[in-house]
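Trainee: Below are the chains, spelled out letter by letter.
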Amino acid sequence: MSPLFQGIITILVGVFGCVGYFYAANLLLDKVIFPARGPNIGRNINRATAVRPWLFLLPAILALSVYLVYPVVGSFWRSLFNRSGEEFIGMDNYGALFADDVFRQALFNNALWALVVPAAATFFGLLVAQLTDRLKWGNIAKSLIFMPMAISFVGASLIWKFVYAGDPDIGIINAVRDGLGLDPMDPIQVPFWNNFFLMAILIWIQTGFAMVILSAALRGIPEETVEAAIIDGANPFQLFFKIKVPQIMGTIVVVWTTITILVLKVFDIVYTMTGGNFGTQILPSYMMTLMFRDDGRATAVAVVIMVVVLPVMIWNIRQAQKEMR
Amino acid sequence: MDNIAGQNNSLKWAVNITVALLVVAWLIPTVGLFVSSFRDRDQITASGWWLAPFSVELTYRTRADDAAPRQEGDLWIVEGNIFGTGEVADAFASGDASITAFGVTGRDPAAFAAGTEGENRDGGTLLVMADGSYRYTSTEEPDARGPRIYFAAATPPDFTMDNYQTILTAQTADERAASQAQGATFWDLLFDEEGIFRNFVNTFTVTIPATVIPILIAAFAAYALAWMDFPGRGLLIAAVVGLLVVPLQLALVPLLNLHNRIGIGQSFLGIWMAHTGFGLPLAIYLLRNYMVGLPRDIIEGAKVDGATDFQIFTKIILPLSFPALASFAIFQFLWTWNDLLVAKVFLPSDDASKVMTVRIADDLLGSRGGDWGILAAAAFVSIAVPVIVFFTMQRFLVRGLLAGSVK
Chain A
8 MSPLFQGIIT
18 ILVGVFGCVG
28 YFYAANLLLD
38 KVIFPARGPN
48 IGRNINRATA
58 VRPWLFLLPA
68 ILALSVYLVY
78 PVVGSFWRSL
88 FNRSGEEFIG
98 MDNYGALFAD
108 DVFRQALFNN
118 ALWALVVPAA
128 ATFFGLLVAQ
138 LTDRLKWGNI
148 AKSLIFMPMA
158 ISFVGASLIW
168 KFVYAGDPDI
178 GIINAVRDGL
188 GLDPMDPIQV
198 PFWNNFFLMA
208 ILIWIQTGFA
218 MVILSAALRG
228 IPEETVEAAI
238 IDGANPFQLF
248 FKIKVPQIMG
258 TIVVVWTTIT
268 ILVLKVFDIV
278 YTMTGGNFGT
288 QILPSYMMTL
298 MFRDDGRATA
308 VAVVIMVVVL
318 PVMIWNIRQA
328 QKEMR
Chain B
13 MDNIAGQNNS
23 LKWAVNITVA
33 LLVVAWLIPT
43 VGLFVSSFRD
53 RDQITASGWW
63 LAPFSVELTY
73 RTRADDAAPR
83 QEGDLWIVEG
93 NIFGTGEVAD
103 AFASGDASIT
113 AFGVTGRDPA
123 AFAAGTEGEN
133 RDGGTLLVMA
143 DGSYRYTSTE
153 EPDARGPRIY
163 FAAATPPDFT
173 MDNYQTILTA
183 QTADERAASQ
193 AQGATFWDLL
203 FDEEGIFRNF
213 VNTFTVTIPA
223 TVIPILIAAF
233 AAYALAWMDF
243 PGRGLLIAAV
253 VGLLVVPLQL
263 ALVPLLNLHN
273 RIGIGQSFLG
283 IWMAHTGFGL
293 PLAIYLLRNY
303 MVGLPRDIIE
313 GAKVDGATDF
323 QIFTKIILPL
333 SFPALASFAI
343 FQFLWTWNDL
353 LVAKVFLPSD
363 DASKVMTVRI
373 ADDLLGSRGG
383 DWGILAAAAF
393 VSIAVPVIVF
403 FTMQRFLVRG
413 LLAGSVK
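In the order they appear, the protein sequences are chains A and B.
All residue numbers for the first sequence refer to this note's numbering, where the first residue is 8 and numbers rise by one.
All residue numbers for the second sequence refer to this note's numbering, where the first residue is 13 and numbers rise by one.
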């Protein structure tokens, strides 16, 4: 059976299965288990109302538990076992990781990524959002800067591999160097700085995201505050830094944390550009090199990533709860 | 308000120019690869893509075989036109190239400028004009196959779809011509061979069920979380927000083991289920946020009129939530289409079931590392669909982004 055909059947089974489940479960609840008639009608209706939310939630809760909650526990548990998964070795995988130079390098690089990428993407996003705010062709400019968001990390890596190509007749960076009379170089192999050349790719992608959200926030600033500042004689820079930025600080933090979380998860760019060589390894790509080889260590790396993400997760939950009240 | 204060003309100019520069900087990488995907392999290595609209100087070699040698006294003379000679006739079929230099040895193929007379290895002379006409003289009878001539010609830009056809069918132009001579159509080649077209179809196969299925599951859950009262609701919402940021890396090993244990293994079914699970937190979060904002009056009115929750959901909430459903659908589509990690782990690793991102990252970048035309074409085959979706549905995408980030 060809996968395409299988796919069509899956869509049908999935969609009709879902609809059928919800419909049948409701019917069962209302007509058979707690029918709204007979001597206990009042009690039955109340019970049906109490059960119904769980009927609606059941498929989602099942899927979330199996695909996201179980793995958190399962990965941690697996990381306590050796390569074959047969022998319990406690925290030895973690010990081995922290003794490993590549892992420490990956941790350091990851910290660099988590500092630089969100900062730069937010900065450029804010810059573009502010500059295009009152521009006639602002929407076109925003669309074009937003476009890399649609491109896969693999596609983006290829695009930038071409930019960084060592041949001055291919890579535009080396063409510029050639024009200035400098020798061609391979940016991907320059120790330490190559990390930043890889980060440029993610910044290129994420600036659009930051721009869209910050642009909406800028539009949401009450006009009166801006007008008052202008009447008081604020110049455009004061207007931006002292009036606008403080008012959208909350959104800036949101953008920053969202990109930070993304940075901690993206392995594609390093994987396609360098495969982790030349001192560019980061945790997610390091995990992929271990995956299928030593599941114990691979899961240990995943747990480390989880621990790094944890504070942001808690902060997010707090924010969401505050918003709900 | 623009002109009240603090805004002046020079500042406006500075803003326009800065934005223009930023846009150009953001576009250059993509444009470069895009232009290159239409260029011939030789042209890509000979000049940068920014010179693509101009002629490229390439060197060729040929034999002066388009005219028979004739004898004038002691001298043998061959006269003809280089562009008509056997080895290069195909390359110059269009006929608007011009010769800039020529030579008689492979070591120095551009020793003499066009229009000047050079000395050949047989002790005679060789003259090649810019338009390709040449005159070869020698005291000995030339090689029967025709004397060797090297030349550099400014070749006009040549934009073709050849790279795309090659990458889609995994056959070079010559191989395609051979198969087509045997009666195969281009469509046969697309479906027959190990080309990237197969991976393109696979990507669709993964993407569409993985986009459609989570929507329904999430919509019901989101309704319950938004409009139904039950103990533990706040806790569940918090859990969904928390699960939004769980790194997928955690899921890989335990879930693959689970899939292997229950017999799904690495398969399309497995990746559909995985994408469904991974997409749910965002779907529930987005849809709940949207549904909470729907007017309470409508829903309570319907309840007073005797509608059940199921009816309220299907008849009122679902149609009203269309914008949010569309936002999530676009998100999930882009994310599953562009995903490399989940596809690498949950799909079998044979060529026939790879999706495009895996094929490009794992096969093409290795085996076709320097063949930029091919790589570029492959990249744009994979980029085209999400970019089209992006530009047609941008409105919904932006709305989704605004609703989806935790505020």
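It is worth saying that the hints were derived from the structure and are not from the lab.
Warning: the hint list may mix true and false statements.
Unchecked claim - In silico DSBU-like cross-links for lysine-lysine, where the CA-CA straight-line distance does not exceed 30 Å:
(1) A:Lys-38 to A:Lys-143
(2) A:Lys-38 to B:Lys-24
(3) B:Lys-327 to B:Lys-315
(4) A:Lys-249 to B:Lys-24
(5) A:Lys-38 to B:Lys-315
(6) B:Lys-24 to A:Lys-143
Claimed, not checked - Cβ pair distances, simulated, as ranges:
(7) A:Ala-235 to B:Trp-25: 24 to 34 Å
(8) A:Val-22 to B:Thr-184: 40 to 50 Å
(9) A:Asp-107 to B:Asn-21: 44 to 54 Å
(10) A:Gln-13 to B:Asp-317: 57 to 67 Å
(11) B:Arg-407 to A:Ser-91: 24 to 34 Å
(12) B:Thr-184 to A:Met-98: 21 to 31 Å
(13) A:Thr-56 to B:Trp-199: 28 to 38 Å
(14) A:Ile-15 to B:Ala-190: 49 to 59 Å
(15) B:Asn-21 to A:Phe-199: 54 to 64 Å
Don't be surprised by glycine CBs; every beta carbon is placed ideally from N, CA and C.
Trainee: Out of the numbered hints, which ones does the structure contradict?
Mentor: Violated hints: 1, 2, 9, 10, 11, 12, 13, 14 and 15; rest satisfied.
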